[in-house]
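Undergrad: Letter by letter, the chains look like this.
Number of protein chains: 2
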Amino acid sequence: MGIERTRLRWNGWGWIDAPDVLGDKAAAVWDWMGKTMGLDPLPNTPPTPLDGIALPEIRISGAVQDALTRMLDRQRVKTDAFERGLHARGRSYHDALWLRAGRIASAPDAVVYPETAEETLAVLELAAEHNVAIVPFGGGSSVVGGVTAECAPGQAGVITVDTTRMDKVIEVDRHALVARVQAGIYGPALEKALQSEGVTLGHYPQSFEFSTLGGWIAPRSAGHQSNKYGTAEQWLVSARLATLQGLWSTEGFPGSAAGPQLRDVVAGSEGTLGIITDAEIKIHPVPEVKDYRGFVFPDFEQAVEALRELMQSGVPNAMVRLSDKSETFFLNAVDTGGGGEGPAQFCLMLVGIEGDKTTVEYGLARTKDILKARGGIHMGESLGEHWYKGRFETPYLRDPMMDRGVGVDTLETCARWSNVLAVQQAGVTAIVNALSANAAASGARGIVMSHLSHSYVDGSSLYFTFAFPRALDREVDQWLAVKRAASDAIVSAGGTISHHHGVGTDHLPWLAPEKGPVGMTALRAIKRQLDPAGILNPGKLL
Amino acid sequence: MGIERTRLRWNGWGWIDAPDVLGDKAAAVWDWMGKTMGLDPLPNTPPTPLDGIALPEIRISGAVQDALTRMLDRQRVKTDAFERGLHARGRSYHDALWLRAGRIASAPDAVVYPETAEETLAVLELAAEHNVAIVPFGGGSSVVGGVTAECAPGQAGVITVDTTRMDKVIEVDRHALVARVQAGIYGPALEKALQSEGVTLGHYPQSFEFSTLGGWIAPRSAGHQSNKYGTAEQWLVSARLATLQGLWSTEGFPGSAAGPQLRDVVAGSEGTLGIITDAEIKIHPVPEVKDYRGFVFPDFEQAVEALRELMQSGVPNAMVRLSDKSETFFLNAVDTGGGGEGPAQFCLMLVGIEGDKTTVEYGLARTKDILKARGGIHMGESLGEHWYKGRFETPYLRDPMMDRGVGVDTLETCARWSNVLAVQQAGVTAIVNALSANAAASGARGIVMSHLSHSYVDGSSLYFTFAFPRALDREVDQWLAVKRAASDAIVSAGGTISHHHGVGTDHLPWLAPEKGPVGMTALRAIKRQLDPAGILNPGKLL
Chain A
37 MGIERTRLRW NGWGWIDAPD VLGDKAAAVW DWMGKTMGLD PLPNTPPTPL DGIALPEIRI
97 SGAVQDALTR MLDRQRVKTD AFERGLHARG RSYHDALWLR AGRIASAPDA VVYPETAEET
157 LAVLELAAEH NVAIVPFGGG SSVVGGVTAE CAPGQAGVIT VDTTRMDKVI EVDRHALVAR
217 VQAGIYGPAL EKALQSEGVT LGHYPQSFEF STLGGWIAPR SAGHQSNKYG TAEQWLVSAR
277 LATLQGLWST EGFPGSAAGP QLRDVVAGSE GTLGIITDAE IKIHPVPEVK DYRGFVFPDF
337 EQAVEALREL MQSGVPNAMV RLSDKSETFF LNAVDTGGGG EGPAQFCLML VGIEGDKTTV
397 EYGLARTKDI LKARGGIHMG ESLGEHWYKG RFETPYLRDP MMDRGVGVDT LETCARWSNV
457 LAVQQAGVTA IVNALSANAA ASGARGIVMS HLSHSYVDGS SLYFTFAFPR ALDREVDQWL
517 AVKRAASDAI VSAGGTISHH HGVGTDHLPW LAPEKGPVGM TALRAIKRQL DPAGILNPGK
577 LL
Chain B
37 MGIERTRLRW NGWGWIDAPD VLGDKAAAVW DWMGKTMGLD PLPNTPPTPL DGIALPEIRI
97 SGAVQDALTR MLDRQRVKTD AFERGLHARG RSYHDALWLR AGRIASAPDA VVYPETAEET
157 LAVLELAAEH NVAIVPFGGG SSVVGGVTAE CAPGQAGVIT VDTTRMDKVI EVDRHALVAR
217 VQAGIYGPAL EKALQSEGVT LGHYPQSFEF STLGGWIAPR SAGHQSNKYG TAEQWLVSAR
277 LATLQGLWST EGFPGSAAGP QLRDVVAGSE GTLGIITDAE IKIHPVPEVK DYRGFVFPDF
337 EQAVEALREL MQSGVPNAMV RLSDKSETFF LNAVDTGGGG EGPAQFCLML VGIEGDKTTV
397 EYGLARTKDI LKARGGIHMG ESLGEHWYKG RFETPYLRDP MMDRGVGVDT LETCARWSNV
457 LAVQQAGVTA IVNALSANAA ASGARGIVMS HLSHSYVDGS SLYFTFAFPR ALDREVDQWL
517 AVKRAASDAI VSAGGTISHH HGVGTDHLPW LAPEKGPVGM TALRAIKRQL DPAGILNPGK
577 LL
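Chains as they are written, first to last, in our numbering: chain A, 37 to 578; chain B, 37 to 578.
Quick caveat, the hints were computed from the structure, so don't treat them as lab data.
Be a bit skeptical, because a hint or two may be false.
Identical copies look the same in the list; a pair holds intra-copy or inter-copy alike.
To be verified - Once the Cα atoms are required to be at most 30 Å apart in a straight line, the calculated BS3-like pairs of lysine-lysine come out as:
{"#": "1", "residue 1": "K563", "residue 2": "K228"}
{"#": "2", "residue 1": "K361", "residue 2": "K61"}
{"#": "3", "residue 1": "K204", "residue 2": "K361"}
{"#": "4", "residue 1": "K393", "residue 2": "K264"}
{"#": "5", "residue 1": "K326", "residue 2": "K393"}
{"#": "6", "residue 1": "K519", "residue 2": "K71"}
{"#": "7", "residue 1": "K393", "residue 2": "K408"}
{"#": "8", "residue 1": "K563", "residue 2": "K204"}
{"#": "9", "residue 1": "K114", "residue 2": "K71"}
{"#": "10", "residue 1": "K264", "residue 2": "K404"}
{"#": "11", "residue 1": "K404", "residue 2": "K393"}
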C-alpha cells in the first residue's frame, strides 16, 4: 500500500502531522480574514472526533465477508471504524461538512484492497452475486461526491474497492514514450519510479500527493501543467478495466480509424462501467529546464486576450495561470499575512515553460513578446518559483478555515474563448449574490475569486474559489444554494458543468442537459450493457 | 450541390475530362511499368460502359418514392441509372473491380439530396417506417466499402442519402478558431470559404477534391498535414447527427470532465449511428509560410529513428513523409518516365512546416539538426515543391493502370514506435508473398512499397502501396487473398487494422479482435439503442 492509512486524516486533507502552512503568519492571516469576512473574532468550530461517532451497522452478510477474506486475505479486508470513516466520502467541502459533523450515513460495509486486475474482477463478481454495490476509491480526493459509499435502494450494502495496493509500474517504453502502470499508484510514487528512468508523466493536480493514476483517469483530471502534458484523457493511451463482462482493454494505438474509439468513454466513466486496474500513459523525458515566472496585467480582459493569443500561437508552454484581481489580492494577503482592501490593481499571470533549453528559450522569448503587446509586465522568476514551491499546500488551508467558522469551496468549468469572459462574470456574480442571499448573519461577507488555467486553442478552463462565513445552523443548505446558483449561471453562459473535477453526485443534475437526450440514451445503453444490475458506483454520473 | 454529378466519372476517379497526369511521359512510364511487371505488352482492359449494364430492379415502393418527392422535391430524389451507378459503391480497388466489370448487385433504389438536418431526419424516419436501409454518401471516396448500397436480409431496399447539398459554412468564430459547417461540403468549397476569411481547416487528404467534411469525420480521415492540423477526430469539436432517436449534438467544449465524451464515438461511426449533418471544426489562421523540402537518408531504419526523434522533440512540423527505398524508386520512375532496377539507394523524406515566419524558421533549423544527426541529407525545396504540386494527382493513375491490366491498392495502419519497423516489414513481406502466391501468370511481378506519414509522439501511421498484374480471371479473389494476408500480418505485428481509411465492409473481420469482446458489446449496445432496426448503413463496421 502506497500510504499507511493511519497517517492520513480521515475527515480532512493530507497527513495528520502536516505543519501549519501559514507558519508564523497564521495569527495575522486569521485576523485579516476574520475582519474581511465580518467574523471578529473567528468562532471555534472543531470537527467531531471519530470515536464520538456511531457508524451505521454493517449490512453485508458474514458469508460475503468470509468470501472476501478467502479471496484476498484478512489484511486486505477492512471493517474497522477508521477504514470505514476514511472511505465514507471524498474530500469536497460538502463531504467535509458531513464528516466533520460526524453524520456518516454512508460508510462502506467493507473496504477491500485487491492487488491485481484479476482480484478486482473477483470482488466485482462476488458483489454482483450478492447484489452489493461497489465503490472504487483511489486517493479518495474527489470533490464532487464521486466516492461516496452509497448503494441504490434494494442493494445489500457497499464494498469499497481501495485500489492503492495496485501500485506497480509494469513497463516503461522509452522508445515510444509510453508506460504501463497499475491504477492505484499515488502521484509521488509514480513520479519517483518514472523519474528514476529519466521520464515523467507530468501530471500534477493540486491533489497530487493524495490521489492516484486511476483516480485521475476516471473523472478526467487535469494537472497544473496540462498545457504541455495534457489532461488525463489526453495522456491516457489505453485503460484496462475490471467490468462485470470481464476484463476490458481499450484501444491503445497512436491513431486509429478502426471504428469509434472507447478510450474517451472510459475517461469520465467514474467507476460506473468498471474499475480501472491499469493503464498505458504518455510519458516525457524529464525536462531539462523548468522556467516559472510572473507577469502582471493592469487589465483582466487584456490578459485574457494575451492568454488566448499565446495558446493560439503554438508557442510552447506548460502552464499559464491567470488570476483575476480578486484572487491576486487574496493570494497576496495570505502570503503576506493580511492586506488592506481588495481587489488588487493588477492581475497576476504565472507562466511555466518546461523542456529542453532551446525550447524554453524560444518559448520564453515569444511569450514575452505576446504578453507585452497586451500590456503584460514581466516580474521575473520569484513569483513563479514561489507558486511552484507551495503548489500542493493550498488544500491544507481548508481544515483550519473550517475550524474557524469559515467555509471554502471551488467550482470549475471550461468555455470557448468567445464565452470565457461571460462565463467568468456570470460565475462570479452568481456566487456573490448567492453568498449574500445565504449569508450566515448580517455583516457576513464572502470573498469570491477566479482564475484561468488549463487553456486550449479554442478556449480555457475557469476556476472559481469562494470563502465565506459558514451559516452553522444550515451549512449544507447554504452550500447547496451557492452551488446551484453558480452551476446554473456557468452552464447558462456556455460553460461545461466540469472541466476536471468530474460529475459524481454533485454535478449530476447538470449532466443530462449538457449531453442531450440522445447522448444520455447512448451512455445509458453502455451502462446497462456493462453493469445491468447497476451495482457499480451507484448514484454517480448517470 | 457542390459538384455537378454528370461531370464525375461514375466508375473511376475524379473529373471525366481530367488530363492524363503522366503527360508526355506516359509512353515511357507504361513501357517501364510493363517490363518491370512482366507484362509486355500491357494488355487492354477497358471498363464496361454504363449503358451496357443492367442495373437491378428498384425495390422501394412507389409510395415511398412519392413520400420522398413530397418531402424534398422531384429534383432531389434520383432514380436514374447514372445516379444509381455513381452511388452504388465507393472508390476502392475492390469497388473498381466490380464497377468496371459492370457487376452492380447493390445500386441504391433511390438517391436523395437533403439540404438540412431536419430533411435528413425526415428521410431517416420514413426509411425506418418502411424498413428501408439508409446509406450515407458524401464524396463517395471510401476505399473500404463504406458506402456500398446494400441492405440486410429482410430489408426493403436502400435509399442513399447524398449529403453534398448540405454545403454551407454556417459560422466562423475567428476568436475561438472554431467554424460550424454543414457536413456535405466538398474540400475545395470548404477551403475557399474559410480562406476568404483568412482561416483554414488544413485537412488535405489525397481525396480532398472529391470528399466531404462529413465523409472525413465518419471514418476518421487524416490529411497530409495532420501533424499540424490533426486527424479528423482531432479537429472535430462537435458533430450534429440525424439519428433515429432525433437530432443529436455531441459535446463541444475545449475540455470537459462532464462524464464520458461521445465525440470520439461519432468519429469512426461510419453512418451506422446516424448521419452527420453539420460539425464544429478547429480552424487556423492561413499560414504565412508553407515550407516543403526534401531530405534523403541512406538508411531507412535511421530515417525512422530521425522521424521519431523529430516527433518527440515537440519541434513543429505540418507533415513528414518518409518513403522506403522501394517507394522512393517508384515515385522517381513515374516522375521521370521510367527507371532501371529498384530499389533506390536512398529513402526520401519530405518535410513540410507551416505557420508564421518565426515558427517556420525555428522549426526548420531544429529539424535540420535532428535529421542530420541520423544521416539525413538536405536536398532543398525542389523535391518538396514537386510533391506539393502533384499531391492530388496520384489517384488519377489507377484508372489508366486498370485499363492496362494493372491493379493497384493501398493499405494503411498505425503502430507504436516500438513496433513500427516490425509492422512495416511484416506488411511488405506479406504483400510480396501473397502477390507471388496469387500471381496473374508466371513471370508476373508486383511492386510493393511503403511510407510513414501522420506521425505521433508515440508512433506512426504506415502506408503500403502495391501494384501488380491483375489475374483477370479471378481478380476479386486475387485482391482478397492479398488483402487478407497483409491485414493479418499487420495486425499480428501490432498495428491497427486502419489508421485513416476506416472499417466499412473490408476491414470488418479484424475489428472485433481489435476491440475485444467487452468493447464490441459496448459498441453494439450503442448501435442497438440508436438504430434498433439496423437500417443505418447495414453491413458496415459492426
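Undergrad: Does each hint hold? Answer for all of them.
TA: Okay, the hints, checked on the actual structure:
no. : hint         : in the structure
1   : K563 to K228 : neither (36 Å within a copy, 43 Å between copies)
2   : K361 to K61  : within (22 Å within a copy, 69 Å between copies)
3   : K204 to K361 : neither (44 Å within a copy, 43 Å between copies)
4   : K393 to K264 : both (15 Å within a copy, 23 Å between copies)
5   : K326 to K393 : both (9 Å within a copy, 26 Å between copies)
6   : K519 to K71  : within (25 Å within a copy, 77 Å between copies)
7   : K393 to K408 : both (22 Å within a copy, 20 Å between copies)
8   : K563 to K204 : within (29 Å within a copy, 37 Å between copies)
9   : K114 to K71  : neither (45 Å within a copy, 77 Å between copies)
10  : K264 to K404 : both (18 Å within a copy, 24 Å between copies)
11  : K404 to K393 : both (16 Å within a copy, 17 Å between copies)
Checked against the numbered hints given earlier, the structure breaks hints 1, 3 and 9 and satisfies all the rest.
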